[in-house]
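Chains as they are written, first to last, in our numbering: chain A, 65 to 465; chain B, 65 to 465.
Possibly wrong hints are sitting among the right ones.
What the hints assert, rightly or not - Coverage of chain A stretches by chain B, computed from C-beta distances (three or more under 8 Å per stretch; other residues unrestricted):
1) 124 to 135
2) 362 to 370
3) 403 to 411
4) 431 to 437
Said to hold, decoys possible - If you anchor each label on the Cβ, the simulated ranges turn out as follows:
5) A:Q449 with B:E141: 35 to 43 Å
6) B:R366 with A:D203: 28 to 36 Å
7) A:G367 with B:A216: 23 to 31 Å
8) A:G367 with B:R142: 47 to 55 Å
9) A:Q449 with B:A164: 38 to 46 Å
10) B:P118 with A:S403: 17 to 25 Å
11) A:V165 with B:A364: 20 to 28 Å
Hints were generated in silico from the structure; no laboratory data involved. In this text, all values refer to a predicted model and were calculated from it rather than measured experimentally. Glycine included, every Cβ here is placed at the ideal spot set by N, Cα and C.
Number of protein chains: 2
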Amino acid sequence: MTAVGGGAVDPVVRRARAWLSRAVEPGSVDLWRFVEREGPVAVATALRAGSAPPRVQVLAGVRAGEDASADDLRRAERCGARLVVPEDGEWPALPLHSLAVAVADEPVATGRQTDRTKVLVPPLALWVRGARPLDELVDRSVALVGSRASTAYGEHVAGELAAGLGERGWTTVSGGAFGIDAAAHRGALAAGAPTVVVAACGVDRIYPAAHSALFTRVLDDGLLVSEWPPGCAPLRHRFLVRNRLIAALTRGTVVVEAAARSGAQATAHRARDLGKAVMAVPGPVTSAMSVGCHELLRDAERGATLVTSAAQVLDRVGELGEDLVRRESRPETARDSLSDVARRVLDACPVRIGVPPERLAGVAGCDVLDVLRVLPALEMADLVQWTGTGWRLAPAAGVAG
Amino acid sequence: MTAVGGGAVDPVVRRARAWLSRAVEPGSVDLWRFVEREGPVAVATALRAGSAPPRVQVLAGVRAGEDASADDLRRAERCGARLVVPEDGEWPALPLHSLAVAVADEPVATGRQTDRTKVLVPPLALWVRGARPLDELVDRSVALVGSRASTAYGEHVAGELAAGLGERGWTTVSGGAFGIDAAAHRGALAAGAPTVVVAACGVDRIYPAAHSALFTRVLDDGLLVSEWPPGCAPLRHRFLVRNRLIAALTRGTVVVEAAARSGAQATAHRARDLGKAVMAVPGPVTSAMSVGCHELLRDAERGATLVTSAAQVLDRVGELGEDLVRRESRPETARDSLSDVARRVLDACPVRIGVPPERLAGVAGCDVLDVLRVLPALEMADLVQWTGTGWRLAPAAGVAG
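Here chain A stands alone, though its shape is the one from the complex (with noise of 0.2 Å):
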């Protein structure tokens, strides 16, 4: 397995960035300005020697006395994955600005910060499982996320969601989860395009163990990406953490079915907290499963723009007239054309026997002039015609409306 633009990497880089992977648990805004101003080597040293900050030093607990970094990054190579740090030329640069922006607004903690995982904060290093290179995969990428217990109706339509984002050379990035996550990917890979699972454990683990075959599939083409080193688990505070990910390296996320108080809901609110689009997809009002997009549809401050296709993400999300949806608009019937008048003349027109235009002007409620003047325009439109006694409806235009 070669990393892919990581050749010009010192290799001293790599492994502090992958030691600190391990040595802190992701998403720590304190560690990562730490790192910002120190650098990862420097950083990893002085935990080491126990002389980091305080706030840092804690971060690390009982795990800075230990050193599994060459063993993890052994281990990623034999599952033919890599650690892609920010050094490298594959990094997601630019869409994980939107995290640097958004820890540029968290305050500096005085005392010992505690809630640490439900801040905006850039990842340190990215596990990477794949051939693709990460950035390519993700410029141009959505992330569909929805509930685990999906209806039917959930996973046809996050299937044709990624499928249709795969026709249009877009990414799907998800979760691996059962539901809508799974039927995303499927989706995708139906339509022969890439996607990326991006997980809350090991990159060498499958969670859960029953989409062995659906990550073979994903890995073909595609990306498992994570925070976490080989052999982590996949804890439940990881989920909080993950979707942050989710929600930063994608151009926009959309909702496809959650519960009311949902984990779909929490990453919608982090992309938005990002800049990102945030979209919904609307479903039965009967389904519990559509409450937590119907939620997000409804609320006005935080709200999500509804999205039927895949058209319409990429209406939101896509570049300026480039991925652009175009509005689907109706032929317009030689009905439409006419004027008012015309129209209550038309309809004042009996289907079978002919009557006199002054007839005609009292049930349409108009001068005989304007009966007058709008019959040649109906005649030459096929909509009425002359009996020989009076006017009706042609035989095509007697259809009520």
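Starting from the known structure of chain A, fit chain B onto it as the hints suggest.
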């Protein structure tokens, strides 16, 4: 049949308005302004004499020479109807004020005015069949509109919404058509609530004829309302004129199901132009009958509010503090109130074999002191238990997220 609150109105005025309602097709700005200025009796006299301003005179056309007003009033009485005029106490002046405001924005036409029916203009009189006073019934009312070619889903939702509104003391207003209109009336009737059918033909006619039994039930406690005198046919152009009245009489319009570019959407736009609440019910994106609703919900400028229940409809149109929807909130779980570190320690606890705090600190990625600090709280909340040799999840807390 006794006209409700009609005793005080000069019969000459009522007769003049009856005459005008047949002589000129409803929906004319010029006529309405002329009547506002000169009064109905003077206007009827002028039109009959052919001495009205040309722009108004042409509206009556050949009908200026006919007088069926006495007949019309008699025919109305025979079917249990009356002519309600602005001079009556039961005239719904407050809701219809929106039309008077809208018409003030209309420029005074200089030439011949042909496109009259697109204009929002108050009615000159309303033919009302049924015993209840019109103003009382529409004071707290909502329009439920939608496609005639509705789906079982749309009809179910229309019925549920109407029943929910009825249970809360609100009146459903709709057309009398197949599909959503009928489902809405049936839902309200099932809840024992009154409904109002606004027709595009005379109130002595049942259109469509198949709704004879439905209209009979509506008339038990509700009303059939029309701008057109008895005997008038439901000509196609009249539906557009009628639709503005549905929007005007109510506090808001809910589009339940609508195809792309449909009449229901037009009614919604009229409601918006009148400053009324516009709402739409979402549905499966796979249903053609929800496309119109989704279009309304996607329209950023003339956007509708997404509603999924009668409570949400009243949240939009209801009076403050009276009908406002109660937000449903899920009770907080013990886990919800935990600190971030406590949640991570909890996630680190194994299900079966107890482990020491040092091990928990390693898995959770925090200091041993942190673990020792949060464990008592976790134990108090029955989330973890001490096995004698270490800590593990309490049996009930073990369900992973």
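Okay, the hints, checked on the actual structure:
| no. | hint | verdict |
| --- | --- | --- |
| 1 | 124 to 135 | holds (count 5) |
| 2 | 362 to 370 | holds (count 3) |
| 3 | 403 to 411 | holds (count 6) |
| 4 | 431 to 437 | holds (count 3) |
| 5 | A:Q449 with B:E141: 35 to 43 Å | holds, 41 Å |
| 6 | B:R366 with A:D203: 28 to 36 Å | holds, 35 Å |
| 7 | A:G367 with B:A216: 23 to 31 Å | holds, 30 Å |
| 8 | A:G367 with B:R142: 47 to 55 Å | holds, 53 Å |
| 9 | A:Q449 with B:A164: 38 to 46 Å | holds, 43 Å |
| 10 | B:P118 with A:S403: 17 to 25 Å | holds, 18 Å |
| 11 | A:V165 with B:A364: 20 to 28 Å | holds, 25 Å |
Violation of the numbered hints given earlier is absent; every hint is satisfied by the structure.
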